[in-house]
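Asks: The lines below spell out each chain.
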Amino acid sequence: MIHGILGIWNYWIVIILMMTGLFIVISRHNLVKKMVGLTIFQTSVFLFYISLGKVQGGTAPILTGYKNTLYSNPLPHVLILTAIVVGVATTALGLALILRIKNEYGTIEENEIASLNTEENSK
Amino acid sequence: MIDFSVFQNSLPALQVVVPLLLAPVAVLVTIPFLSWLIALFGSIFCLYSSVSLFLLVSEFGKINYYMGGWLPPYGIEYIIDDASAFMIVLISLMGVFATTYAYQSLKNEINKKSQSKVYGMWLLALGGLLGLVTTGDAFNLFVFLEISSLSSVTLVALGSKNDKRALTAAFNYLLIGAVGATFYVIGVGLLYSITGTLNIADLTLKLSELTNNNSMKAGISFIIIGLMVKAAIFPLHIWLPAAYTFAPSAVAVLLTATATKAALYVLSRILFTLLFNADEFTVIILQWILLPASIVAIVFGTIRAIFEKDIKKLLAFSSLSQIGYITIGLTLGTASGIMASFIHIANHSMMKAALFMGVGAISIKFNQSIKLDNLKGLYQIMPITSISLTIVILSLLGIPLTIGFVSKVYLLKAVFNHGNWPILFIIVVTSFLALGYAWKMIENIWMKQPDNMNLLVKEDPKIYFPLFVLAIFNILFGIFAYPIVNSAFKASNAIFWKVI
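Sequences listed follow chains A and B, in order.
First residue of the first sequence: 1, per our numbering; consecutive thereafter.
First residue of the second sequence: 1, per our numbering; consecutive thereafter.
Be aware that one or more of the hints could be misleading.
[Said to hold, decoys possible] Negatives, chain B to chain A, calculated, CB over 12 Å: (1) P24; (2) T30; (3) S58; (4) L150; (5) N172; (6) T182; (7) L190; (8) L198; (9) N374; (10) I399; (11) W421; (12) I475.
[Claimed, not checked] Below, computed lysine-lysine pairings styled on PhoX-like, alpha-carbon distance capped at 25 Å: (13) B:K376 x B:K365; (14) B:K371 x B:K440; (15) A:K54 x B:K217; (16) B:K448 x B:K164; (17) B:K113 x B:K462; (18) B:K62 x B:K161; (19) B:K413 x B:K365; (20) B:K313 x B:K107; (21) B:K62 x B:K217; (22) B:K161 x B:K313; (23) B:K206 x A:K54; (24) B:K161 x B:K113; (25) B:K376 x B:K413; (26) B:K113 x A:K102; (27) B:K309 x B:K376; (28) A:K33 x B:K376; (29) B:K112 x A:K102; (30) A:K102 x B:K164; (31) B:K365 x B:K113; (32) B:K62 x B:K113; (33) B:K365 x A:K102.
[Said to hold, decoys possible] Computed, partial: chain A to chain B, Cβ under 10 Å: (34) Y71; (35) P76; (36) V85; (37) A89; (38) E110; (39) A114; (40) N117.
No lab work stands behind these hints, which were simulated from the structure alone.
Beta carbons are placed, not taken as given, at the ideal position from N, Cα and C, and that holds for glycine.
Make the full structure from the sequences, and use the hints.
Replies: Below, the structure is given as structure tokens:
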């Protein structure tokens, strides 16, 4: 039982990170913190994919000349390379938007922005 | 000399690659008009390629294009079948309309310095959406999902010249969209962990051998939730009203006509390929998750629209309810239900695009967000826009001789065949409730006197031309419904019977 839980400890870390990230996105009012949460959430998925590709005792998938080399599955790593690029683009765009929001509203706290928006709505 | 057949054979790739390649060109050309011409060229090229692909598919059947010559399941495969051909024609046609409309409208609504850059984002969004509907690879689909949604976030944020709330709308769209896309990736990862493949056709095959596998159920649920965010299905729609309201009108036209529709298409694909093997689980997803969600979406969207004063917001909530009608067709789980959904996907994108164009044309005159009061006596100020808008509003209501009627008839027929009386009742009642918001617009346009006659300005043909043509389409395809109905019929067969 203990072995079963500890044997897949990397998946536990994935789940903990995933939930932490999602919780930050939902619960924080500060927009930058929201972006931090989003990044943690996305990173947990990267870790998940990399864990999927790992083969016990396998090495990097490089041609060595020896036959029957045990190597890890390289495909998830490649996918995650793409996902990292997408994640960076998302973060960059999010931070750029936060910068503009700060210039226009003078705050990056979500509740203050919301009250400014309701003022705008009632105008 | 270039071999024409090579060009012809690579059309499935070119219609995605050309807009993506033209995007940086449009940014580098700093003259707005030239950038716009490039965008127009890109969208017309997409229309050309999608129509020729559509004709090829309807004549010779499904086309499989292997990126770089790598065969599936290892390589990335682009699949053009009856369903995706239907969608690419719709997306690129609406793309041409939106681009034609965009120049004059964006000139008024966004900052001077982003006026040529906007077309780069515009083309990225278009190319991303076309890739989204044609790709047959689950991970490639994620990349296109993000290309299109990141560029649409940027486009929405450009509305900040008139209203700073566009920025918060764009930020929420980004945040919710990114969480949705990540959910999709988690789902794909879970499915990959049990099947070892990313090709959707191959995934379907391998998943059909598994029954009652928890990874599969979790994976499919993650994927469906992720796509529901992108398609703005209740309760995951919260980004939509603000994004449509504060985006520049041309952007709202593009988003409503293509972005949510592409996501809905992908959702229907996933529902009826990956999901349809797990029997009990399918029933749970369709009957207990999607069906209640779409019923609430219809009722909530209609009622919110009735009490809304801001026209763009009204249209956004009406979109929400119309998306509900589309998903109800999917939840029936029959070929005729999917057919009704596809008819409504096409028809709704024509109606809403036209409505947002009309509202955009009016907002140029008033230079502010338009309330219902601004529509007073519009027929005296802008006769052509008023007539076109009225046609489209009637079409939204489902008056006979318009496309709205066609989609309502097929939806009711599908529900009737399924024998689900409560849903039939809800659809009929909400269709009448829709009068509540549609009538307010018609009443203000035709039966009231304008407050201020000084606004009398000549209408700009560059603005009203695409609107007028779309209004004509609303009637034309309402009378000669055969092209849409027939291709939707083929599309539903391609999806439902999984002709691989």
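Asks: Each of the hints needs a verdict: does it hold here or not?
Replies: Tested hints:
1. P24: Non-interface label stands for P24 of chain B: nearest chain A Cβ at 15 Å, farther than 12 Å.
2. T30: 20 Å, holds
3. S58: Fine: 34 Å to the nearest Cβ keeps S58 of chain B off the interface.
4. L150: Violated: least Cβ distance 6 Å, not greater than 12 Å.
5. N172: Its Cβ does come within 12 Å of chain A, the nearest being 9 Å, so this is violated.
6. T182: Answer for T182 of chain B: violated, closest chain A Cβ roughly 6 Å.
7. L190: 9 Å, violated
8. L198: At roughly 8 Å from the nearest Cβ of chain A, L198 of chain B sits no farther out than 12 Å, so the non-interface label is violated.
9. N374: For N374 of chain B, whose nearest Cβ neighbour in chain A is about 15 Å away, the distance exceeds 12 Å, so it holds.
10. I399: 33 Å, holds
11. W421: 39 Å, holds
12. I475: Given that every Cβ of chain A is farther than 12 Å from that of I475 of chain B, nearest at about 36 Å, it holds.
13. B:K376 x B:K365: 13 Å, holds
14. B:K371 x B:K440: Holds. K371 of chain B to K440 of chain B sits at ~11 Å (cutoff 25 Å).
15. A:K54 x B:K217: 23 Å, holds
16. B:K448 x B:K164: Roughly 32 Å between the alpha carbons, so the hint for K448 of chain B and K164 of chain B is violated.
17. B:K113 x B:K462: 22 Å, holds
18. B:K62 x B:K161: At roughly 46 Å apart (the allowed maximum being 25 Å), K161 of chain B and K62 of chain B break the hint.
19. B:K413 x B:K365: With a Cα-Cα distance of about 42 Å, the restraint between K413 of chain B and K365 of chain B is violated, given a limit of 25 Å.
20. B:K313 x B:K107: 22 Å, holds
21. B:K62 x B:K217: 29 Å, violated
22. B:K161 x B:K313: Answer holds: K161 of chain B to K313 of chain B is near 18 Å, not above 25 Å.
23. B:K206 x A:K54: 22 Å, holds
24. B:K161 x B:K113: 11 Å, holds
25. B:K376 x B:K413: Judged against 25 Å, a Cα distance of about 38 Å means the pair is violated.
26. B:K113 x A:K102: It holds: about 20 Å lies between the C-alpha atoms, which stays within 25 Å.
27. B:K309 x B:K376: Measuring from Cα to Cα gives roughly 13 Å; hence the hint holds.
28. A:K33 x B:K376: 45 Å, violated
29. B:K112 x A:K102: Satisfied, since the Cα-Cα distance of roughly 21 Å is no more than 25 Å.
30. A:K102 x B:K164: Roughly 11 Å separates the two Cα atoms, so the pair holds.
31. B:K365 x B:K113: Judged against 25 Å, a Cα distance of about 22 Å means the pair holds.
32. B:K62 x B:K113: 44 Å, violated
33. B:K365 x A:K102: The given pair, whose Cα atoms are some 30 Å apart, is violated under the 25 Å limit.
34. Y71: 15 Å, violated
35. P76: Interface hint status for P76 of chain A: holds (7 Å vs cutoff 10 Å).
36. V85: At about 9 Å, which falls below the 10 Å cut-off, the nearest Cβ of chain B leaves the hint on V85 of chain A intact, so it holds.
37. A89: 6 Å, holds
38. E110: It holds, given that the least Cβ distance between E110 of chain A and chain B is near 9 Å, below 10 Å.
39. A114: This hint holds: A114 of chain A lies near chain B, its Cβ roughly 8 Å from the closest one there, short of 10 Å.
40. N117: N117 of chain A check passes; min Cβ-Cβ to chain B is 6 Å, inside 10 Å.
The structure shown violates the earlier hints numbered 4, 5, 6, 7, 8, 16, 18, 19, 21, 25, 28, 32, 33, 34.
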